[in-house]
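**Q** So the protein sequences, as listed, match chains A and B.
Per my numbering, the first sequence starts with residue 1, numbered consecutively.
Per my numbering, the second sequence starts with residue 211, numbered consecutively.
Think of the hints as simulated: they come from the structure by calculation, not from any bench.
Careful: at least some of the hints might be erroneous.
[Unchecked claim] Within a straight-line C-alpha distance of at most 25 Å, the following computed DMTMM-like cross-link-like pairs (lysine to aspartate or glutamate) qualify:
#: 1; chain 1: B; residue 1: K644; chain 2: A; residue 2: D149
#: 2; chain 1: A; residue 1: K2; chain 2: B; residue 2: E503
#: 3; chain 1: A; residue 1: K2; chain 2: B; residue 2: E929
#: 4; chain 1: B; residue 1: K644; chain 2: A; residue 2: D12
#: 5; chain 1: B; residue 1: K413; chain 2: A; residue 2: E45
[As the list claims (entries may be wrong)] Negatives, chain A to chain B, calculated, CB over 12 Å:
#: 6; residue: P19
#: 7; residue: S21
#: 8; residue: E41
#: 9; residue: N52
#: 10; residue: A56
#: 11; residue: V58
#: 12; residue: A87
#: 13; residue: A187
Source: prediction; values computed, not measured.
Even glycine gets a Cβ: it sits at the ideal position worked out from N, Cα and C.
Spelled out, the chains give:
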Amino acid sequence: MKFTSEQLKIMDSIISRYPRSRSAIMPLLHYVQAIDGYVTERGIETIAEILNLATAEVTAVSSFYTQYRSEPAGEYHVGVCINTLCAVMGGDEIYESLTDHLGIENHETTKDGKVSIERIECNAACDYAPVVMVNWEFYDNQTPQSVKDLVDSARAGNPRPPTRGPSKLRTWKENSEVLAGLNDGLAHEGVSAGSASLLGLQISKNGGRQ
Amino acid sequence: MTPEQALLETEVAIEMITVVIDGFEVTVPKGTLVIRAAEKLGIQIPRFCDHPLLKPAGACRQCLVDIEINGRAFPKPQASCTIPVENNMIVKTQLTSTVAEKAQEGIMEFLLINHPLDCAVCDKGGECPLQNQAMSTGRPESRFEGVKRTFEKPISISSQVLLDRERCVLCARCTRFSEEIAGDPFITLNERGALQQVGIYEKDPFESYYSGNTVQICPVGALTGTSYRFRARPFDLVSIDSACEHCASGCAMRTDIRRGKTLRRLAGDDPSVNEEWNCDKGRWAFKYLTNRERVTTPMIRGADGELHETSWPEAIAFAAAGLKDKRAGVLVGGRTTVEDAYGYSKFARVALGTNDIDFRARPHSDEETSFLSRVALNLKTTYKDIDVADQVVLLGFEPEEESPIVFLRIYKQVSKRALPVLSDAPFASRGSEKLGAVLISDLSKIANLTTKSVVIVGERLAETRGAFSSVYELINKSGAKLAWIPRRSGEPGALAAGAIPTLLPGGRPVTDPAARVDVAAAWSVESLPTSQGRSTSEILLALNVKNLDAVVIGGVDPLDISSTALTQLLNSFVVSLEISHSAITAVADVVLPVAAVIEKSGSYLDWQGSPRVFEKAIADSLSRSDVRILSMLADEMGSPINLPTVSATAREIASLGKWDGTPVAFEKSVSEKITELGEKLNLKSWRLLLDLGTLQGGEANLAGTARKASAHISKARAEKIGVKSGELISISSELGSLELPVEICEMADDLIWVPRNSIGSQVIANLGFVNGQVKVIKA
């Protein structure tokens, strides 16, 4: 099945942002994920065609970056940070309990298609360790129980909002659109820097450590 | 182009730089890489990713050396394949620096961590840069005790190339070759980290015409050829330099023989012709040499109408009796060596007393005959002219399909400096797309030709009346360089040898008394036939109407000429000199087996006119070259041609030399008026590189990568016929029809293009002609 002319028009608008068309390959791959949920064959073939690249060249890029998925992601894609700080702060435990709770392993998706999980590398939020990301939105200072509650609420269709970022958690496909560079108009919502990140600044403003 | 080559090719002074490597001074052109400068001193730095014809990559890190400039040392060892030399640079390789030595050992240890120890069953074992360099610069013992990473093996990335991923050291030579040299980026480095691997997009296999080169330059056993896999050990092979018999590009080749059998063929190294590359046809199409259809014993047709094996003396006597004092013609075929073509040429004149000889086993014209005799023989254009051309014009010539190394040379300049290319093709083929060729509908669209422009005409120009005349005028007016590049390897040599109705050897016109005297004296005969002979089609016609009684035929497929060629032969005495059973041997009265290319010595002339000399690859072969057989036949007929061996023939050709008299004038033809098409379409076609050609027989792996046949029409035409892309159409003439899936592309609405000799599309057999009007409807 081909992409709609509407979708192809959006792809063209993404390409038009760059002086050389092939620079658009990464946002276009995100846009394919926004439509299909993962990098599909039709996605690779269409990108190759409109950017005048070989399909192998598109495959090389999409298989290199872990944010591009080769199988469908869940509607809510949960990333558990397992890098050093998050891991010792409880990330490993969260991951264990989450896999038990959902009955799926790394890179797998629940049968209802709602939740997929992935062990992810550092997300630059160590001051909120352990963190979990859902569709690349931050959930700070998590516990095994809070993450279980989070995925349950997501499966029930009413996900708990992120700690930072927009006030409502959007789906994997919706957020992939943002990564493709399409504005969802939610940039002003929520806090961008939380209290833990600003603590040092606060201390220095108050005259530094006494 | 390496800086050294640049120096050779331009007169401009290049700044020279002196560096010290391992205590020795060496002066090299600015821009030379440290690894190359070291080679000049005979210092070999180990390497995998580095290849002199590819851009530097610094991918494998094996070539680390210690460098200091102006007394300041780099803090860490540097990859010598990516760093150009500088003044006051002091380089210490593994030979003089323990730092470099330790760094190289470390890299080697890393590379070997996941590399299997399967050298004993690996095709590369015995000729493997990894194996060799692990011995010369690696640690004697591995410290790795873990479990090696493994992959499912092998995976086929095309029907002819297999990939063992666990052997790969990620040097990216193959992917860089495919992108930079061939323009076919169908293989890439996929995934990342420990799982990084060479791969294809699953639906689009590595179907590049040049894929075999990646097998040859792979520095480990990761890429192997399906046909050669597990067939031989390198140390059992005898390698012989040879020349490619497939096209007029003129590739240097290497043929590897084991106990009298060709196991594989590789690209040879000739910087002025094929650099280090060749095409997949040249590499893999050699099964025809050993197929079951090979003729090994002479045969004569008995009273029962069947061929019977017989002895050489009996066969020669039978053939001689059938030819002596008869009106006979000679069809040489386009694949002979210069020496064999000379044999046919002399045989026709001396033993048969005729100029009825032609090497063209394909559509041809009188205009072409005139062009070949007057113009083509004296051209001096070379590959070098392409390198410095200001534009290239392709007429009746599809380089990637018809002369793939010429294509690589043009593509090199297109990718390097956007060399403008014009083509008269009816649509943009994949080759044209890669060259960014601008399509022109007629020759009047060619502008700005200068003395640096190169105009290349192919053999298919003979199919358009008046085209050679227009080109002749164009060249005369502009002074542009002209090249004639026929598809078959033997044609330039056969032309020079006088295997054509208008010329004696060396370009001597048959109609010029002085030229005849010249040759007659050299051949010790009283006189030579005086009138211009018949061309291929005229010979066939004359045989058909009994104006000729007999014909001597070399390697010719009648369906390359016309759909009626074979039936035209039926009432004549046919002497066939062949390597394999064919349509001709099926009707021949005498079949005389001749040597195939690896069983004989000889030479081809490439399209530049340069001799490509090769020796017998199978030294003890009993097969004899055509010229030897013809000499025996002439002896038996009582009109000896005295060409007992190939080397004697080569000496005679050399002593005869080239004609220095006045050449015949080029006779111009006027282009034909375009006839009213009505509902019909004009058929256009050419042969694809990989198709049903006789010499590609028996090699299924190669055939698996051939481009699929489809009929190309314009969008408007498709709508008119009512077909969508991929649907079948029926193409018919009065003589027959064929069905092909449609491919819609930008082209004139009154044209249709189909491949000339591919599966499902054999134009001459199916439609009866290559150029004509066809009816096209939805199938």
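**Q** All the hints need checking, so say for each whether the structure fits it.
**A** Results for each hint:
Between the alpha carbons of B/K644 and A/D149 the distance comes to roughly 56 Å, so the proposed pair goes past 25 Å and is violated. The suggested pairing of A/K2 with B/E503 is violated, with an alpha-carbon distance near 49 Å, which exceeds 25 Å. A C-alpha spacing of about 21 Å is found between A/K2 and B/E929, which places the hinted pair at or below 25 Å, so the restraint holds. Restraint check for B/K644 and A/D12: satisfied, since their Cα atoms lie roughly 23 Å apart, inside the 25 Å limit.
The hinted pair formed by B/K413 and A/E45 meets the criterion: a straight-line CA distance of about 10 Å does not exceed 25 Å. Annotated as non-interface, A/P19 keeps its C-beta farther than 12 Å from every C-beta of chain B; the closest such distance is 18 Å. With a minimum CB-CB distance of about 16 Å to chain B, A/S21 clears the 12 Å threshold, and the non-interface call stands. Separation of A/E41 from chain B is inadequate, the least Cβ-Cβ distance of about 7 Å not exceeding the 12 Å criterion.
The Cβ of A/N52 sits about 9 Å from the closest Cβ of chain B, inside the 12 Å cut-off, so the non-interface label is violated. Consistency note on A/A56: stated as away from chain B, yet its beta-carbon is not over 12 Å from all of that chain's, at 4 Å minimum. Not every C-beta of chain B lies more than 12 Å from that of A/V58, the closest at about 7 Å, which undercuts listing it as non-interface. Here A/A87 stays apart from chain B, with its beta-carbon at least about 19 Å from theirs, past the 12 Å limit.
Residue placement check: A/A187 keeps its beta carbon more than 12 Å from all beta carbons of chain B (closest about 31 Å).
Violated hints, listed in ascending order, are 1, 2, 8, 9, 10, 11; each of the other numbered hints is respected by the structure.
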